[in-house]
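In the numbering used here, the protein residues as written are 54 to 187.
Derived by calculation from the structure, the hints in this document are not laboratory data. Among the hints, erroneous ones may be present.
What the hints assert, rightly or not - Here are the computed lysine-lysine pairs in the DSS-like style, where the Cα-Cα straight-line distance is at most 27 Å: (1) K136 x K159; (2) K136 x K58; (3) K158 x K58; (4) K136 x K158; (5) K158 x K76.
Small disclaimer: the values here were computed from a predicted structure and weren't measured.
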Amino acid sequence: MSERKIRVLIAKPGLDGHDRGAKIIARALRDSGMEVIYTGLRQTPEMIASAAEQEDVDVIGLSILSGAHNTLCPQLMDLLRSKHMDDVTVLVGGIIPEADIAGLKKAGIAEVFLPGTSTQEIVDFVRSHVRTRD
């Protein structure tokens with residue numbers, strides 16, 4: 054019996070309308086054998102948590118360029134906890150000031166990927182830190 058593929062939800066929370074990076078990451082994860090669901094632009098934390106629950110994902114990848122990460126990420130983490138989805142790994146990529154990274158990790162974000170991170174580094178992180186649930 055083969056192991057279930059890692060399921061990843063890629064989302065663009067907030068009002069930022071630039072999704073090229075999110076699409077590149079989604080393609081890299083898919084090309085590495087993961088199942089990827091892309092929610093599209095302008096997602097609220099509630100929409101992302103609901104989609105993650107419905108799709109039974111192992112990972113949520115957020116792409117945030119708008120500067121709203123200190124508000125959106127803790128809101129999403131609270132929603133996931135309220136849905137008993139503590140086992141979902143949440144990653145953030147985008148324009149995140151170094152000074153904000155510790156607070157995001159304290160809120161429950163597993164890793165923050167800054168511009169210039171290779172897609173292979175993200176794929177490797179997901180493979181080494183995520184265990185699929187049966």
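A quick look at each hint next to the structure:
For a cut-off of 27 Å, the pair hint linking K136 to K159 stands: about 19 Å separates their Cα positions. Note on K136 and K58: the hinted pairing holds, with a Cα-Cα distance of about 22 Å set against a maximum of 27 Å. Taking the CA atoms of K158 and K58, the gap is near 26 Å; set against the 27 Å cutoff, the hint holds. Restraint check: the Cα-Cα separation between K136 and K158 comes to about 20 Å, which is no more than 27 Å; the hinted pair holds.
For a cut-off of 27 Å, the pair hint linking K158 to K76 stands: about 24 Å separates their Cα positions.
The structure shown violates none of the earlier numbered hints.
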